[in-house]
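*Asks:* Sequence:
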Amino acid sequence: MSYPLDADRETMPSLTRKQKIASVAVIGLLAAGLGAYLSTGSQPAPTSLTLRPDDAAMVARGQQVYLANCASCHGGKLEGQANWRERNAQGMLPAPPHDETGHTWHHPDEMLFALTKYGVAKVAKMPDYQSAMPTYEGRLSDADIIAVLSWIKSQWPAEVRAQHDAVNQRARKG
1 MSYPLDADRE TMPSLTRKQK IASVAVIGLL AAGLGAYLST GSQPAPTSLT
51 LRPDDAAMVA RGQQVYLANC ASCHGGKLEG QANWRERNAQ GMLPAPPHDE
101 TGHTWHHPDE MLFALTKYGV AKVAKMPDYQ SAMPTYEGRL SDADIIAVLS
151 WIKSQWPAEV RAQHDAVNQR ARKG
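Using UniProt numbering, read the sequence shown as starting at 1 and increasing by one per residue.
A few of these clues could be false.
[Claimed, not checked] With a straight-line Cα cutoff of 35 Å, these simulated DSBU-like cross-link-like pairs (lysine-lysine) come out:
| id | residue 1 | residue 2 |
| --- | --- | --- |
| 1 | K77 | K122 |
| 2 | K173 | K77 |
| 3 | K173 | K125 |
| 4 | K125 | K77 |
[To be verified] For each label pair, taking beta carbons as the anchor points, the in silico distance ranges come out as:
| id | residue 1 | residue 2 | range |
| --- | --- | --- | --- |
| 5 | A158 | R87 | 30 to 36 Å |
| 6 | Q64 | M133 | 30 to 36 Å |
| 7 | H103 | K125 | 17 to 23 Å |
| 8 | A162 | A57 | 21 to 27 Å |
| 9 | A71 | Q130 | 20 to 26 Å |
| 10 | A57 | G138 | 35 to 41 Å |
| 11 | A56 | P157 | 16 to 22 Å |
| 12 | P157 | Q81 | 28 to 34 Å |
| 13 | D165 | A56 | 14 to 20 Å |
| 14 | Q169 | A89 | 36 to 42 Å |
Keep in mind that the hints were calculated from the coordinates and are not lab data. Predicted model, so just to flag it, every value in this text is computed and none were measured. C-beta atoms are modelled at their ideal positions from N, C-alpha and C, and glycine is treated no differently.
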């Protein structure tokens, strides 16, 4: 699927076939793991996983929490780290951007929440998966995680927000 606001492909380094296959495999495993994880109901979910990018108080709180906990890696302007699609010397992916050039908005609210709270390894049921991103279970409240994600979404252009809303609708139907 192509998104009109994806980064200009001419300015991005091309991925090798092996990198593309690995990326698709990781995304597939994440989706499968999240589906299995959510269907087991093994962790209590917050009462509402709907992001609220139009709630001024929620967004203000989310910005504060983001700047204190996320900006050091994902950037104060949501720009992420350089070469975020390529594994570093330690075999980990750098922090992706959370603006419209990244892939955050391609995922439903529930997945964003679970990945932030529990981490990729737990959500995808891949205990050996290595990531530099800490898990926020026990460090941030569910409300703070939702506030951060709401602030992130509030920064996206209207078209990207609408596309994210459509992602959520498809996820809730499926």
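*Asks:* Taking the hints in turn, state whether each one holds.
*Replies:* Cross-check of the supplied hints:
no.: 1; hint: K77 / K122; in the structure: holds (28 Å)
no.: 2; hint: K173 / K77; in the structure: holds (33 Å)
no.: 3; hint: K173 / K125; in the structure: holds (24 Å)
no.: 4; hint: K125 / K77; in the structure: holds (31 Å)
no.: 5; hint: A158 / R87: 30 to 36 Å; in the structure: holds (34 Å)
no.: 6; hint: Q64 / M133: 30 to 36 Å; in the structure: violated (19 Å)
no.: 7; hint: H103 / K125: 17 to 23 Å; in the structure: holds (20 Å)
no.: 8; hint: A162 / A57: 21 to 27 Å; in the structure: holds (23 Å)
no.: 9; hint: A71 / Q130: 20 to 26 Å; in the structure: holds (22 Å)
no.: 10; hint: A57 / G138: 35 to 41 Å; in the structure: violated (24 Å)
no.: 11; hint: A56 / P157: 16 to 22 Å; in the structure: holds (19 Å)
no.: 12; hint: P157 / Q81: 28 to 34 Å; in the structure: violated (22 Å)
no.: 13; hint: D165 / A56: 14 to 20 Å; in the structure: holds (19 Å)
no.: 14; hint: Q169 / A89: 36 to 42 Å; in the structure: holds (40 Å)
The structure shown violates the earlier hints numbered 6, 10, 12.
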